[in-house]
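*Asks:* Those protein sequence lines, which keep their order, are chains A and B. Taking this note's numbering, the leading residue of the first sequence gets 1, the next gets one more, and so forth. Taking this note's numbering, the leading residue of the second sequence gets 1, the next gets one more, and so forth.
Each hint should be verified, as a subset may be incorrect.
[Stated by the list, open to error] Looking from chain A toward chain B, a few residues come up when the C-beta cut is under 8 Å (computed): (1) Tyr30; (2) Met68; (3) Ala95; (4) Val103; (5) Pro108; (6) Arg250.
It should be emphasised that the hints constitute simulated quantities derived from the structure, not laboratory data. Ideal Cβ placement from N, Cα and C applies to all residues, glycine included.
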Amino acid sequence: MSSAPVFLAGASGAEGVVASLSVRDVTVAYPSGVTALLDATFELGAGTICGLVGVNGSGKSTLFKAIMGFVTPSRGQVRICGLSVNQALKRCCVAYVPQSEEVDWNFPVLVEDVVMMGRYGHMNFLRIPTAKDKEKVTESLERVNMLRFRHHQIGELSGGQKKRVFLARALAQEAPVILLDEPFTGVDVKTETAIIELLRQLRASGHLMLVSTHNLGSVPDFCDQVVLLNRTVLASGPTATTFTPQNLERAFGGVLRSFRIEGGDLHDDHDARSVTVLTDDERPVVYYGEGGPEEEPLRRTDKGA
Amino acid sequence: MSEVWSFFAEPLGYAFMQRALLGAVLIGAVCSVLSCYLVLKGWSLMGDAISHAVLPGVVLSFVLGLPLAIGAFAAGLFCAVATGYLKENSRVKEDTVMGIVFSGMFGFGLVLFSKVETDQHLNHILFGNMLGITPRDLVEVGIIAGITLLIVIAKWRDLLLYCFDPAQARAVGLPLSVIHYGLLVLLALTIVASIKAVGIILVVAMLIAPGATAYLLTNRFSRMLMIAAAVAIGSCVIGTLLSFHIDGATGPCIVLVQAFAFVLAFLFAPRHGVLAMRREQRPTA
Ligand SMILES: Nc1ncnc2c1ncn2[C@@H]1O[C@H](COP(=O)(O)OP(=O)(O)OP(=O)(O)O)[C@@H](O)[C@H]1O
Ligand SMILES: [Mg+2]
């Protein structure tokens, strides 16, 4: 188990652990009778950024809840770093960046208090921060460029700043697996670019990140793996072969706006090139020609609605 | 000057006043730290529910000859657990379920009381009898308050994380259900300890007002705990002495002073008070 790229951040709980996530035949039904996930299956290894895409209600948040052990699958199992969910959580293997709506922004906690909450798993019984914990908090805040705001109450921040604080908390936790639920909603392009850059650094140091997003356009930008979800896993694998217009049509069906402009439509000469624009009202994804997505997708210029 | 002195000194010449004051301060302190969590977790109604639900337990304890505290504690905890169970297994929201459970239990308690021969006054159970606190009661209150305060002081950060972000609490390996039920047990214990002094109806005020007042005064939870304790202890002292001088019921006097402290904070809190917010708005408006 130690031959793969060993997680190296020196986290006390997660030391020597190799990041991995295995979701096998996971079925989750809510008491209301809704089956939110059916036989979801995929595998991810260390050094990965995986995009999780699907329409509203496709089960993205439910999948996160199953990974965090908030809901127990009625069938199938989740294994994190080779451990069961409970063992993995005890060893602090999973960090979680929540959707903004889940947080009470009036809570009397300062930015640095929130980031310190990432350190609890490393602390003693009384959770009295050591010098190292404080150092980690400062370092994490610095990495997301939020050190200036450390003494602000969390409600006093902008949407993008809030996201970065919770990202800093995940950094401070030093967990090999990081779950991010829609980290780009309500965030400007500059912050988004900064977050993506940070995720890339984390990938380089062996972290595994699962990122749910409606920003289809940025997926090919930073995700090397994709999981397409609609109650079940429709497709999963490397972005280049999985994030195709065909698969996206399957995942989004009628919800997705799709425009396809072929060379032949524009002028009379023979032209095999075409442009396909797919969007679910966030940033669109643009394909050129018949092949897979290009490295740089076109940036959204209008609201698309 | 001498009037101020006698305001404090005169009541303290009586042993029952000394006991009342000590009891009030202990109860005020322990209720105040819990109130910080209740206010932030949105559990204010839970305090009210558990305290009302205690009544049938109290009456049954008389009947069975058990210590009051045991029946009360069992009934309070039953209310909390039943609420949780009904919420999980129906589509009805928690506050609604809680309303049904506690009013049902309170009604049951009242019916039981009317059918049982006791030497107890219903008024004392409902509104407390601070001046009738015996040394034995005081020991009981001291033990419960001591345990609760110790646990909160040792674990305040864990409890805070549980209230603020349960998902993160899970992610750092905290045992959520232990914390959840632990908090409920502490709440039930505290209510049981407070009932002799302030009674079933008014204990909820002690469990909300100090936390709410402190919440208006600070942006930091550690300070909120300290401010709440200070407000509660101050109110308990003033309220108890006041009740002696105006010859009013002690529990209600304390609650009144706490409510007054809240109004003061609501008006004059440096950042979150109405006046401060008005002042901030004026230049831009
Ligand atoms: N607590 C719940 N109780 C009952 N049903 C639920 C609950 N949470 C979600 N569901 C249902 O499960 C399905 C999946 O919901 P989920 O929140 O996982 O979707 P999502 O992919 O995160 O959507 P979004 O893009 O809007 O965040 C939905 O049909 C939803 O109605
Ligand atoms: Mg969601």
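*Asks:* Hints first: check each against the structure and report whether it holds.
*Replies:* For each hint, the structure was consulted:
The interface hint given for A:Tyr30 is broken, as the beta carbon of that residue sits about 11 Å from the closest beta carbon of chain B, more than 8 Å. Checking A:Met68 against chain B: minimum C-beta separation of about 6 Å stays under 8 Å; hint holds. Against a cut-off of 8 Å between C-beta atoms, the interface hint on A:Ala95 holds, since the closest Cβ of chain B lies about 6 Å away. Given the 8 Å rule on beta carbons, the hint for A:Val103 holds: about 7 Å separates it from the nearest Cβ of chain B.
The beta carbon of A:Pro108 is positioned within 8 Å of a beta carbon in chain B (closest approach about 5 Å), and the interface hint is therefore held. Given the 8 Å rule on beta carbons, the hint for A:Arg250 is violated: about 31 Å separates it from the nearest Cβ of chain B.
In summary, the structure is inconsistent with hints 1 and 6 from the numbered list given earlier, while agreeing with the others.
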